[in-house]
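One-letter residues, chain by chain:
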Amino acid sequence: MTACVNPEALRQLIEQAVPDVAFRAFCEQLERLAPDFKLPAFLGAFTATARTLGRKPLGADEVCLTGTSGDLPLAGTTTDVAGRMLLLYTLAQAAPQQLPAAVKAAYEEGDSHEKLAVMRALPLLPEAERFIEVALDIGRVNELDLFSSLAAQNPYPSRHYNELAWNKLYMKAVFIDAPLSQMLGVEARNNAELSRMALEYVEQQESAGRRFPNEIWQAIAAHPPQGAVGKLLGYLSHAVPDLRLGAAAGLERVAEARTLSFLQERASVESDERVRAVLERTVHKLEKQRS
Amino acid sequence: MPHFFDPHIHMTSRTTDDYEAMASAGIVGIVEPAFWLGQPRTQVGSFIDYFSSLIGWERFRAKQFGIAHYCTMGLNPKEANDPRVADAVLELLPRYLQKDGVVAVGEIGYDDITPAEEKAFSAQLELAKNANLPVLIHTPHRDKKKGTERTIAVVRESGVPEEHVLIDHNNEETLPLVKETGCWAGHSVYPETKMTEARMVDLLKRYGLTKMVVNSAADWGKSDPLKVPKTAEAMRGAGFSAADIEVVLFENPVRFFEQSGRLNRGDMVAPKIDQAELFEGNSVLRGQVPRRS
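First to last, the sequence lines map onto chains A and B. The opening position of the first sequence corresponds to residue 1 in our numbering, with each subsequent residue numbered one higher. The opening position of the second sequence corresponds to residue 292 in our numbering, with each subsequent residue numbered one higher.
It should be emphasised that the hints constitute simulated quantities derived from the structure, not laboratory data. Do not take every clue at face value.
To be verified - Per label pair, the in silico range of CB-to-CB distance:
#  : chain 1 : residue 1 : chain 2 : residue 2 : range
1  : A       : D36       : B       : E483      : 51 to 61 Å
2  : B       : R556      : A       : A255      : 48 to 58 Å
3  : A       : Q205      : B       : S315      : 44 to 54 Å
4  : A       : K104      : B       : G512      : 34 to 44 Å
5  : B       : A533      : A       : A239      : 51 to 61 Å
6  : B       : S532      : A       : P19       : 38 to 48 Å
7  : B       : R375      : A       : L164      : 39 to 49 Å
8  : B       : T484      : A       : A9        : 51 to 61 Å
9  : B       : R375      : A       : P96       : 30 to 40 Å
10 : A       : A9        : B       : E440      : 58 to 68 Å
11 : B       : E417      : A       : V21       : 27 to 37 Å
Unchecked claim - Listed next, the stretches of chain A that the computed footprint assigns to chain B, with coverage defined by at least 3 CB atoms under 8 Å from CB atoms of chain B:
#  : region
12 : 44–51
13 : 108–120
Beta carbons: idealized from backbone N, C-alpha and C, even for Gly.
All chains should be modelled from the sequences, with the hints used to inform the complete structure.
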């Protein structure tokens, strides 16, 4: 990924991604809103942006924006979302007194695509913490794209959520199968309570005979509750290689000396190359620690 | 397999099983017109949530079965008579008419043929002109012929182009009136009331296929969400060709709503289905294994 750029760059990225006529129509729409950005006109333009710019890839997968809440990657962004982000960002600069009402209405009266664009714009806005209620609301939805617009590749939650809100978001992501590996700030936000919740979730899924995501072991291993290491060792001999891989990665994270002999034994019989590589790496690390 | 478009069906009041059956029967796209909820709404907030569900949850639910879901927005004639909500809903509409997938203003028109209904009807024809959207018009169950005559008069007075108007729920009495105009003619095929498949086939034989549209208008009442494919069966039995069936039960309604500029035929070709998707706290799955294609 290249260095992050000012959100103003959205304008140029949109220009490169859409036909000239569409870009001109969008700019005219934006100019008509200035200077006062009256709310009904703004909301109309916000909705119309999908028709003006279409819903095509922005083509800026390597670019990230410098937001007030952290860096925001543009990977996967579509032109409608980029246009709506730019509208909110421009309003925030030109008519900041209108911003709270604009965010609230664009979200509450928006369809799923509009709501998604609000989530992507949040980390770019000044004093973004005041919009936390809107973010928390998206944390309650189960539409995967919409939920992921906040939970994945978005610095907002890790920057502004308290521990309880973060833990709930993480567990909801686990529950609806959102991409955990794309949550930003996970390392910094791991905590003992989350490790406990995550382990209990694994146990609950085991009882029901249901699966759980491999990445959850990382949250558990950050502050392993009692019984977690034993469970991880147990999964090392599971018949499914992917489950062994998740457990091996968890044990690498735990890096406890007492696991060394088990890991050595498993590494000697492991048939899956990926799993064996993680086990050997961990063994090496633990042996080094001991010596 | 033939494919169908049901241009008037109230999926809010149908079960997920219906979506599954509709998809199996070849329905690839639907229009869900905004209407009442079986009992009066007492505040505008109920409309906001209802309109939001038409562009949110219902669209999502349909997509999980590979059905493209479009909707119309409007203040229905029954509740146009209710001063608790009527004016506030009319104020709300311009914003919701702008939403993606909103392909017409509707269903509007007359129910009891009152002055309040006429006021809301005219106001919404203006909204349609401003938003450059087609109009879906409900015709009354009682005093139907007079209601249809007045409907046509109001449409003409409004200046909305007639080809932008679909007058719905026609029968043998009202269809000749509509056929004298440039409006499209809708027919709701019902198990008992309104129109049957056999009568529908007779009307098609008599009046031809041009601007003729058939729907199930299924809601909570005794109705059948498969009436469009069942009409196809009746047409086949009466000697209509596969091409004729395609015209009436897919091309005509799609062409009418395409005038909105917001209906994308691509949404109805080999749609992507992922039942593992969830929407705002709800999955349509209750323990079964999700279907992916």
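We went through each hint and held it up to the structure:
Separation of A/D36 from B/E483 is about 57 Å and conforms to the stated range, judged on CB atoms against 51 to 61 Å. B/R556 and A/A255 have their C-beta atoms about 57 Å apart, which keeps the hinted 48 to 58 Å range intact. Separated by about 33 Å at the C-beta atoms, A/Q205 and B/S315 break the suggested range of 44 to 54 Å. Checked against the hint of 34 to 44 Å, the pair A/K104 and B/G512 passes, with Cβ atoms roughly 38 Å apart.
Roughly 52 Å separates the CB atoms of B/A533 and A/A239, a value that falls within the hinted 51 to 61 Å. Between B/S532 and A/P19 the beta carbons are some 40 Å apart, a value that agrees with the proposed interval 38 to 48 Å. Taken as a hint, the range 39 to 49 Å holds for the pair B/R375 and A/L164, whose Cβ atoms sit roughly 40 Å apart. In this structure, B/T484 and A/A9 meet the distance hint of 51 to 61 Å, their C-beta atoms being roughly 60 Å apart.
In this structure, B/R375 and A/P96 meet the distance hint of 30 to 40 Å, their C-beta atoms being roughly 37 Å apart. As the Cβ distance of A/A9 to B/E440 is approximately 60 Å, the hint placing it in 58 to 68 Å holds. Range check, B/E417 to A/V21: Cβ separation about 29 Å, and the 27 to 37 Å hint holds. Evaluation of the coverage hint for the region 44–51 of chain A: fulfilled, as 5 residues show C-beta separations to chain B shorter than 8 Å, against a requirement of three.
Counting residues of the region 108–120 of chain A whose beta-carbon sits less than 8 Å from any beta-carbon of chain B gives 4, enough to reach three: the coverage restraint holds.
Taken one by one, the earlier hints fail for this structure only at number 3.
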